[in-house]
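*Asks:* Sequence:
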Amino acid sequence: MVEAVALSTPWQVRFRAGDNEGLADTLKEGMGGSVGMRPHELLEAALATCMTISARMALADLGFTNAEVSVQVHLEREDSATRFRYELVLDPALEAHRPAVMKRIACSPVRSTLSKQLVFEPA
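Heads up: the sequence shown begins at 1 in the UniProt record's numbering, then just goes up one per residue.
Everything labelled a hint here was simulated from the structure, so no lab data went into it. Glycine included, each C-beta is placed from N, C-alpha and C at the ideal position. One should not assume that every hint holds.
FRET-style restraints, in silico, Cβ to Cβ [claimed, not checked]:
1) Pro122 to Glu87: 17 to 23 Å
2) Val13 to Thr82: 18 to 24 Å
3) Asn66 to Met1: 31 to 37 Å
Make the full structure from the sequences, and use the hints.
*Replies:* Here you go:
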């Protein structure tokens with residue numbers, strides 16, 4: 001569970017999950033700022049971090065325990081769809097393993113969660 005609490009600065013929010021916390025912010029009509037990630041960037045971050053962990057696990061399974069790997073995610077909000085474009089960035093020496101890593105990130109937990117029908121309901 002994540003709890004988000006509005007702060008006194010317009011559009012600034014502190015969020016917390018257990019002992020971990022962060023700031024989110026946005027700039028709207030000249031109010032707010034950029035002390036934290038924007039809410040849509042948090043969605044991108046959730047997917048990018050999960051895919052990167054999945055990629056690192058795939059490489060570890062192949063014997064590369066300290067492999068350099070990253071995933072870049074860009075969220076595009078369209079009228080009829082929300083599109084997540086992602087790019088796997090691998091150490092050039094590991095390019096031969098790209099298909100196996102791509103297969104693993106395709107079924108990463110956050111991607112699997114976001115791929116299902118979403119239902120929003122108050123508690």
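*Asks:* None of the hints should be skipped; say for each whether it holds.
*Replies:* Hint check results:
Evaluation of the 17 to 23 Å hint for Pro122 and Glu87 yields a failure: the beta carbon distance comes to about 36 Å. The hinted range of 18 to 24 Å is satisfied by Val13 and Thr82, whose Cβ atoms lie roughly 21 Å apart. The given range of 31 to 37 Å is respected by Asn66 and Met1, whose C-beta atoms sit roughly 33 Å from each other.
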